[in-house]
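Asker: Residue-level listing of the chains:
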Amino acid sequence: MRLLAILLALLIGACAGQSPRDDSLYRGLGEQAGITRIVEGMLLNAARNTRISRHFQDIDIERLRDKLVEQFCVEAGGPCEYTGDSMEESHKGLNISRADFNALVEDLIEAMEAEGVAVPVQNRLLARLAPMRGQIIER
Amino acid sequence: MLRTLATLFCSLLPALVAAEQGRLLASGGASSIDGAAGGGIVPWAVLAGYGEQGEWGGAAFLTRVETGDYRLDVGGAAFAYDNRVELSFARQRFDLGTLARDLRLPDDSLSQDIFGVKLRLFGDLIYDRLPQLSLGVEHKRQRDFRVPRLVGAVRDEDTEAYLAASRLILGGAFGYNLLLNGNLRYSRANEQGLLGYGGDRRDRHSVLKEGSVAVLLDPHWVVGVEYREKPDNLSFAGENDWSDLFVGYFPNKHLAVVLAYARLGEIAGLDHQDGVYLSLQGSF
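Protein sequence lines correspond, in order, to chains A and B.
Residue 47 in numbering that gives the first Met the number 0 sits at position 48 of the first sequence, with consecutive numbering throughout.
Residue 81 in numbering that gives the first Met the number 0 sits at position 82 of the second sequence, with consecutive numbering throughout.
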């Protein structure tokens, strides 16, 4: 009986302890420096991409980069805080089409390829970002 | 007809490739032997080419299957609009090889045309909560019915339908993207319709299961397996389900190459028809 109580106490103690955050995706992307290079690569690709470059004119591109880095970092389980607007808010009135969204996805994949990010790591980031499409397109 | 299609395709292509279409690479699939977008022997729920909402997409293809005793040649094209509706055409020619001489058949090949329409009902291959579900209807027409009639086929044209569900699971296969596809087909075609439709043994449509599983090794390379159930309507010879192992290469949105090892089983009395499948596709 006492043994059981000790086991139970150990178990509760283990559960109460802070479970370590899974930051393997964050590390896989090259942490802060890697994520910054990926975001910058994506934005440079987008600026050259005639299908969507119009969406990146007349905006504060440095602020966009900083917020995207924060967001990718948070989504990847890194030690960051997202301080930007909600996805709905930041895309309001832009009327981003499904095709525009895919074009940026392609620019992101190309940037990750250029950084030498392994395909399964690329897919993990894409899987974290894909559910946001509904909050981004056609607003 | 094929030449007209090819000309039409080639004249449309330059105008459309100037602005690349809006779906992701490989999401238009290859061209199935029916002409509909998909794998090789099994169509997917996706629509041909790379057009998203409000855009056109399309593909033209040439496919050859070589089994040793037989050879199947297919050519065709498909166009899709709005990522909603696809129209397709395929012409199949099945070379009977030595069988025609051995059995003194009146023709040395079988041939049919397939007119297809595919409608995306709901869902999305990658993003929506629901997988992409499409309804396809195919009208198949024999071009020379003499041999099929001789072996017991009842009809020289027929219409069949299929429901296709497709989903890409990001990172679903040990981190690699996984494509799952399942179809239910309502058909009475003998050997895809190359031996006519309905037979002396059975002249009713059957519900047939088809499916494929593929893994995307990166954005350009895909490997997978396919399976297609077939009916058994003719008494003169058995008919086996088809399966294959394939590797596909999508260097860009305008070209795809698919190489496969296909197991086609018994066809018109000759067993062990295994062989090589090669398909080239141009798309936009």
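Just so you know, the hints here were simulated from the structure itself, not pulled from any lab data.
A virtual CB, placed ideally from N, CA and C, is assigned to each residue, including glycine.
Take the hints with a grain of salt, since some may be wrong.
As the list claims (entries may be wrong) - Here are some of the chain B residues that sit facing chain A, going by a computed Cβ distance under 8 Å:
hint: 1; residue: I125
hint: 2; residue: Y126
hint: 3; residue: L169
hint: 4; residue: G170
hint: 5; residue: D217
hint: 6; residue: H219
hint: 7; residue: E228
Asker: Each hint: holds or not?
Answerer: Hints and how they fare:
Contact between I125/B and chain A, as hinted, is supported at the beta carbon level, the nearest pair being about 7 Å apart and thus within 8 Å. At its closest, the beta carbon of Y126/B sits 5 Å from a beta carbon of chain A; the interface hint therefore holds under the 8 Å criterion. A hinted interface residue such as L169/B counts as satisfied when its beta carbon comes closer than 8 Å to some beta carbon of chain A; here the least separation is about 4 Å, so the hint holds. Using the Cβ-Cβ criterion of 8 Å, the hint placing G170/B at the interface with chain A is satisfied: the shortest such distance is roughly 4 Å.
At a threshold of 8 Å, the smallest CB-CB gap from D217/B to chain A is about 5 Å, leaving the interface hint in force. Residue-level restraint check for H219/B is violated (minimum Cβ-Cβ distance to chain A is 10 Å; threshold 8 Å). The criterion of a C-beta within 8 Å of any C-beta in chain A is not met by E228/B, whose closest approach is roughly 32 Å, and the hint is violated.
When the structure is compared with the earlier hints, violations turn up for hints 6, 7 and for no others.
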